[in-house]
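For chain A, the structure is supplied; the task is to place chain B on it using the hints.
Protein chains: 2
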Amino acid sequence: MSASTKPTKDRIVETTERLFRRQGFNGTGLKQIVAEANAPFGSLYHFFPGGKEQLGTEVIHSSGLMYQRLVEGIFDAAGDVLAGIRDCFDGAAEVLRATDYEDACPIETVALEVASTNETLRVACAEIFESWIASASTRLQSAGVEKARSRELAIFLISALEGAFVLARGMRDARPVEIAGEHVAHVVAEALRAAKRRRATTRPRGRR
Amino acid sequence: MSASTKPTKDRIVETTERLFRRQGFNGTGLKQIVAEANAPFGSLYHFFPGGKEQLGTEVIHSSGLMYQRLVEGIFDAAGDVLAGIRDCFDGAAEVLRATDYEDACPIETVALEVASTNETLRVACAEIFESWIASASTRLQSAGVEKARSRELAIFLISALEGAFVLARGMRDARPVEIAGEHVAHVVAEALRAAKRRRATTRPRGRR
Numbered sequence: 009m010s011a012s013t014k015p016t017k018d019r020i021v022e023t024t025e026r027l028f029r030r031q032g033f034n035g036t037g038l039k040q041i042v043a044e045a046n047a048p049f050g051s052l053y054h055f056f057p058g059g060k061e062q063l064g065t066e067v068i069h070s071s072g073l074m075y076q077r078l079v080e081g082i083f084d085a086a087g088d089v090l091a092g093i094r095d096c097f098d099g100a101a102e103v104l105r106a107t108d109y110e111d112a113c114p115i116e117t118v119a120l121e122v123a124s125t126n127e128t129l130r131v132a133c134a135e136i137f138e139s140w141i142a143s144a145s146t147r148l149q150s151a152g153v154e155k156a157r158s159r160e161l162a163i164f165l166i167s168a169l170e171g172a173f174v175l176a177r178g179m180r181d182a183r184p185v186e187i188a189g190e191h192v193a194h195v196v197a198e199a200l201r202a203a204k205r206r207r208a209t210t211r212p213r214g215r216r
Numbered sequence: 009m010s011a012s013t014k015p016t017k018d019r020i021v022e023t024t025e026r027l028f029r030r031q032g033f034n035g036t037g038l039k040q041i042v043a044e045a046n047a048p049f050g051s052l053y054h055f056f057p058g059g060k061e062q063l064g065t066e067v068i069h070s071s072g073l074m075y076q077r078l079v080e081g082i083f084d085a086a087g088d089v090l091a092g093i094r095d096c097f098d099g100a101a102e103v104l105r106a107t108d109y110e111d112a113c114p115i116e117t118v119a120l121e122v123a124s125t126n127e128t129l130r131v132a133c134a135e136i137f138e139s140w141i142a143s144a145s146t147r148l149q150s151a152g153v154e155k156a157r158s159r160e161l162a163i164f165l166i167s168a169l170e171g172a173f174v175l176a177r178g179m180r181d182a183r184p185v186e187i188a189g190e191h192v193a194h195v196v197a198e199a200l201r202a203a204k205r206r207r208a209t210t211r212p213r214g215r216r
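Chains as they are written, first to last, in our numbering: chain A, 9 to 216; chain B, 9 to 216.
One chain only, chain A, in its complex shape (with noise of 0.2 Å):
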């Protein structure tokens, strides 16, 4: 389906994930969704009666679980735990490039926008991110980290990515981004082997 013949709704929705994505909450208008979007104003207030407000709340669900799916896919694919962080981190790096620097994390500008100043906005993000942590978590642990260990290390993850995302949209740079990648894959390859030291020394005698 091309975007021309999407559904009002969709097409509004779309075109504001992507203007957030390049410019944040703040810096984009209801005028400009609706025009970019192709979409008569009175539609905006009648799918989102809350709103910039309720349609922000959407698009921080729908493009964060989208990016979410996005970066499993290009994980679950890859044979083992640390081909798919380097897949995603190097994936991230390709992709700022090819966009101008542009397209990074969906929900990330938004988030510090809105952090101290909209709590409802705030609470979406907040979603998000707990969302992220757990899918990252559970890939952790299948993998054989200790559950423990699993969500420290799925933060730590997620922020190397979106702080390498900072710097690497306003340098211009997306060396930034492949770095954590690297950094990360490496601390993941040391947990793991923690985990299996941990596990040779604890396994019962009789089953050794």
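Everything labelled a hint here was simulated from the structure, so no lab data went into it.
Any given hint might turn out to be false.
Going by beta-carbon spacing under 8 Å, a handful of chain B positions derived as facing chain A [claimed, not checked]: (1) 32; (2) 35; (3) 53; (4) 61; (5) 66; (6) 69; (7) 120; (8) 123; (9) 124; (10) 134; (11) 163; (12) 167; (13) 175; (14) 184; (15) 188.
Ideal Cβ placement from N, Cα and C applies to all residues, glycine included.
Then chain B, alone, in the frame of chain A:
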């Protein structure tokens, strides 16, 4: 000197710094700046004939360099590089908790907002990031990290802090910042050990 007795230009710059941290560039209007700085509206264009962009450029530079001096002070006061890293990250986590998750990096929100929309302000942010990278890189080298490795490690350190701020502010939880500090210190400790090993094996025979 209390805030109100400071020269008008200083009050405008300091108020803008505070508002940029909390609500970003696009969320901060000139009317709010002059109102909270207790300055006549005309004084803003008197001191900054280029308007918001000129004020923004000056604030990115001044707050970015102020933050650099602050972090350098904490870092240099610690006995060694690893304690310095932990003190900086733990201190940042403490400040977040004490300021209701408002006070993190002074230029981060702005950097993301302007990355694809205002080249003058993007360049100002890039200059600050370069200044931070140079500062961290110098300190890592002084501690024994090899020169070729020090820039990548400095980029990773700053990325990790910036990304942890995104999660911490969004989730109202400073743990991501402490977690980042622990992992960065660990990675730097390893780089120091690797550099030491390399120095030991490449030292000329006669001097062993």
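Status of each hint after checking the structure:
no., hint, verdict
1, 32, "holds (5 Å)"
2, 35, "holds (4 Å)"
3, 53, "violated (22 Å)"
4, 61, "violated (14 Å)"
5, 66, "violated (17 Å)"
6, 69, "violated (14 Å)"
7, 120, "holds (4 Å)"
8, 123, "holds (4 Å)"
9, 124, "holds (5 Å)"
10, 134, "holds (5 Å)"
11, 163, "holds (5 Å)"
12, 167, "holds (4 Å)"
13, 175, "holds (5 Å)"
14, 184, "holds (5 Å)"
15, 188, "holds (5 Å)"
Of the numbered hints given earlier, the model fails hints 3, 4, 5, 6; all others are met.
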